[in-house]
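Q: Between the sequences and the hints, there should be enough to build the whole structure, so can you do that?
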Amino acid sequence: MRPLAIGAGCALLLLWGGTVAHAQDSTYARSLAATCFTCHGTDGRSVGGIPPSLAGQSKQYLLQQMKALRAGQRPATIMHQQAKGYTDEELELIAGYFAGVTPGPAAAAPAARSGY
Amino acid sequence: MSLTRREFVKWMAASTGVAAVAGCADMGTGSAGRVVVIGGGYGGATCARYIKIWAPDIDVTMVERNSTFVSCPISNLVLGGNTTMDSITMSYQGLKNRGVRVVQDEVVAVDIGARQVRLANGGTLPYDRLVVSPGIDFMLDRIPGLRSADAQMRVPHAWKAGEQTAVLRKQLEAMRDGGVYVFHVPLSPYRCPPGPYERVCQVADYFKRAKPRSKIIVLDSNPDIVSKKGLFLQSWNGVYKGMIDYRPNSELEDVDVRDMTVKLTFDSVKGDVLNVVPPQRAGDIAVKAGLITANQRWCGVDWRSLESTAVKGVHVLGDATVSAPGMPKSGSMANQHGKIAAAAIVALLAGRPVNRHPVIMNACYSFVDGKSAMHVTSVHKFDAAKNTMVAVKGAGSVSKMASVEEGNYAWGWARNIWGDALG
Chain A
6 MRPLAIGAGC
16 ALLLLWGGTV
26 AHAQDSTYAR
36 SLAATCFTCH
46 GTDGRSVGGI
56 PPSLAGQSKQ
66 YLLQQMKALR
76 AGQRPATIMH
86 QQAKGYTDEE
96 LELIAGYFAG
106 VTPGPAAAAP
116 AARSGY
Chain B
574 MSLTRREFVK
584 WMAASTGVAA
594 VAGCADMGTG
604 SAGRVVVIGG
614 GYGGATCARY
624 IKIWAPDIDV
634 TMVERNSTFV
644 SCPISNLVLG
654 GNTTMDSITM
664 SYQGLKNRGV
674 RVVQDEVVAV
684 DIGARQVRLA
694 NGGTLPYDRL
704 VVSPGIDFML
714 DRIPGLRSAD
724 AQMRVPHAWK
734 AGEQTAVLRK
744 QLEAMRDGGV
754 YVFHVPLSPY
764 RCPPGPYERV
774 CQVADYFKRA
784 KPRSKIIVLD
794 SNPDIVSKKG
804 LFLQSWNGVY
814 KGMIDYRPNS
824 ELEDVDVRDM
834 TVKLTFDSVK
844 GDVLNVVPPQ
854 RAGDIAVKAG
864 LITANQRWCG
874 VDWRSLESTA
884 VKGVHVLGDA
894 TVSAPGMPKS
904 GSMANQHGKI
914 AAAAIVALLA
924 GRPVNRHPVI
934 MNACYSFVDG
944 KSAMHVTSVH
954 KFDAAKNTMV
964 AVKGAGSVSK
974 MASVEEGNYA
984 WGWARNIWGD
994 ALG
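Protein sequence lines correspond, in order, to chains A and B. Mapping of the first sequence onto the numbering used here: residues 6 to 121, in sequence order. Mapping of the second sequence onto the numbering used here: residues 574 to 996, in sequence order.
No wet-lab data here; the hints were simulated from the structure. Be aware that a few hints might be false.
To be verified - Here are the computed lysine-lysine pairs in the PhoX-like style, where the Cα-Cα straight-line distance is at most 20 Å:
| no. | chain 1 | residue 1 | chain 2 | residue 2 |
| --- | --- | --- | --- | --- |
| 1 | B | 669 | A | 72 |
| 2 | B | 954 | B | 966 |
| 3 | B | 781 | B | 814 |
| 4 | B | 973 | A | 89 |
| 5 | B | 814 | B | 788 |
| 6 | B | 743 | B | 784 |
| 7 | B | 973 | B | 802 |
| 8 | A | 89 | B | 843 |
| 9 | B | 954 | A | 89 |
| 10 | B | 743 | B | 781 |
| 11 | B | 625 | B | 669 |
| 12 | B | 788 | B | 861 |
A: Put into structure tokens, the structure is as follows:
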């Protein structure tokens, strides 16, 4: 099911970006959001939900939370330090990207037995 | 995994080198391009995976010598007896399911002119773009006593997770209570700046629990603790007080494996378990491919695409790169390099411009015991005038103190980055 869900996410992006300029914006937004995937999971679908999934959250909510973190108005362990690294425009693109992704199961790495 | 007949024919052509002619991929096979990725670690696996997600028509072949992925991050917890080897071992099946061809072999040569790599088994793989993500290799010419494979089993580095991690854990388990664990840290830059000090915490946690009369001697080549100093000292001067003898500026001369002695410039230190991490450079294949540009050790890259500054068409990721100021050699970094390179390769193969404003976020957690962790984080942006990545001022910092809450986030980080590279 995972490829279908990603396909749906891509379709949304394609609908959003009708012109060449917009297509470049969408890959730029994707590249910015990809900096979050390391901790929050690919496309913001978090394995085990820690830290929380971002996929499919409302743009308004995500933007408000990231700005609150950046301003030190929302307590956090690490996000307040990271949010300071992004401009308003970048946060807007990131929030828009995650809002456009369909929520779905996270892509966990398959376990394997150690030979040692 | 299922290959279509067309894919299978292409793959046979690629692996035998018979039908495939370099540079003709677009016309000859109707392919969207061929990418070969050397190395299935944090950088290479992430890059291979994201090329397939963002441009499924591109042929991606990843060559990795090991059958499974063993994570360096979290591996110190194995040494502390706080997790298992199984918990840090994953398969490449997720990448195969996404259509990445995973070849278990070793690249022994890169023919830049012909745009192909040669495998240890004799086969060749042609490419339009090559990704080199070899991690580190050790500069063993500087430590004659550790040159043999046998010596490295007696005095492990455990700085590449896998067999070495298991060997060191067994030695710690076998050591008598009241024994001495001697740990040598190389001069910076090396893989994972806070890693050595996390390791000291993990071994101390194990000794405190299982062998309370034992001691730890840290022989650090560096003049001081390299990363998260205040946070590590909270533990060393707190719960582990009296267990750790930290000796800065301890430049290594050699190791006597028979006498179990570390030889420094003015001193010799004997131990029951020796753990020597040698100085490092980019992995061997980066040297063979002519990608080294700095201090005979590291590979220069254009941060907008991770393309080598020495060889066009070749992208270098992860620990092997010349780190920009303030950028650590970490799994987080390699994972982010992988995605920037994947986006750039997808754009370049489609004839589109690459993103001129890359952003890199780093987050590294260190465990001080079995449950509590703390972090260091930073955000980096490309500065066109300086032609390098620059840390954003005012962003990024460290934890106030280690906590169980951050320990849970550290495991969350691990599960998500593993999924982001291999899922």
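Q: Hint by hint, note whether the structure agrees.
A: Results for each hint:
1. B/669 x A/72: Given that 20 Å is the threshold and the Cα spacing comes to 39 Å, the pair is violated.
2. B/954 x B/966: Judged against 20 Å, a Cα distance of about 10 Å means the pair holds.
3. B/781 x B/814: Status holds; Cα separation ~10 Å.
4. B/973 x A/89: Holds, at about 17 Å.
5. B/814 x B/788: Given that 20 Å is the threshold and the Cα spacing comes to 11 Å, the pair holds.
6. B/743 x B/784: With Cα atoms ~14 Å apart, residue 743 of chain B and residue 784 of chain B stay inside 20 Å; holds.
7. B/973 x B/802: Within the cut-off at roughly 12 Å; holds.
8. A/89 x B/843: Violated, at about 48 Å.
9. B/954 x A/89: Holds: residue 954 of chain B and residue 89 of chain A sit about 12 Å apart, inside 20 Å.
10. B/743 x B/781: 17 Å, holds
11. B/625 x B/669: Satisfied, since the Cα-Cα distance of roughly 10 Å is no more than 20 Å.
12. B/788 x B/861: 42 Å, violated
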